[in-house]
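Peer 1: Sequence:
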Amino acid sequence: MEMLMKAMTILASACLVCGSAQAAGPEPGRFSLTLLGGGDIPISGDVHDGATVDVPDLGPLNPALAGVDAQLRIGSRTHERIYDVASTYGLRMAWGMSDRMEVFGELRETHASAGSVQVGEAYVPALDVALPVYGRFSSYQAWSAEVGVRWYFMDPGFARPYVAARLGGTETDDIDATFQIPDADILIPNAPFYEKKWALSAGFDVGVNIPLSERASFIAETGVRYVDDLEGDDSAIGPLGLSRINDTGRRVSVPVTLALRWDF
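If you count by mature numbering (1 follows the signal peptide of the UniProt record, and there is no 0), then the sequence shown holds residues -23 to -1, 1 to 241, one letter each, in order.
Simulated from the structure, these hints should not be mistaken for laboratory data. Possibly wrong hints are sitting among the right ones.
Ranges of calculated distance between the beta carbons of each label pair, as one might list FRET restraints [what the hints assert, rightly or not]:
#, residue 1, residue 2, range
1, G14, A103, 48 to 56 Å
2, E86, D224, 21 to 29 Å
3, G44, L144, 19 to 27 Å
4, V140, G27, 18 to 26 Å
5, I165, L84, 16 to 24 Å
6, T29, V140, 43 to 51 Å
Where a beta carbon is used, it is the ideal one built from N, C-alpha and C, also for glycine.
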């Protein structure tokens, strides 16, 4: 990500001095193909909500604790707290409507490695102690299919800034969670947490298209992405009274993307 940010800075500086006579951006009736890659930084949205529930008997979770009650105090945890910056890559196709506007379609994959965090605590009245509860969530894997419109500024033949809006759907793969209370020797491994589901996704982009030749250009882009709520799976956590903590999952992120574009 640091390298991407340095590249963005270099490209922004290049825009100030770029004066190429080559084409950059759309032309009426011209098709373009773009290969893109970069990072996707989560900035908002919860992987799970919070809840406080009483567990009358810990025996089913650890037979040695049969008859011992506890109170689970689970706090909400955001995407940025659980997952690192995601990697993303994709393919974009566009059709020029004029020298300032084009419509496009994009297929994109986003991946973030599994993440661990303390999700709350288990208060045991008999011991008057709160034991930390940890959760490890499987990788975040999503596939997006979106369409949109892009508007360019400045005249063709130079580096051209643009803005774009997009709308479509994103399918997020199953997410499992492993919960652990080490001090009580309790482990709930690989509990289904979210089911694979398509959800509404949308976004807004800003970027710059820098010509390399008559048919090729280099693109630096950022913006905002939104993916709606996921589909919770309560088969494992429901019996513990935690069925509502996964009634969320929406994700807001900032992509940092570099791309190569070819016009045909």
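Peer 1: Compare the structure with the hints numbered earlier in the document and write down the numbers of the violated ones, lowest to highest.
Peer 2: 3, 4 and 5
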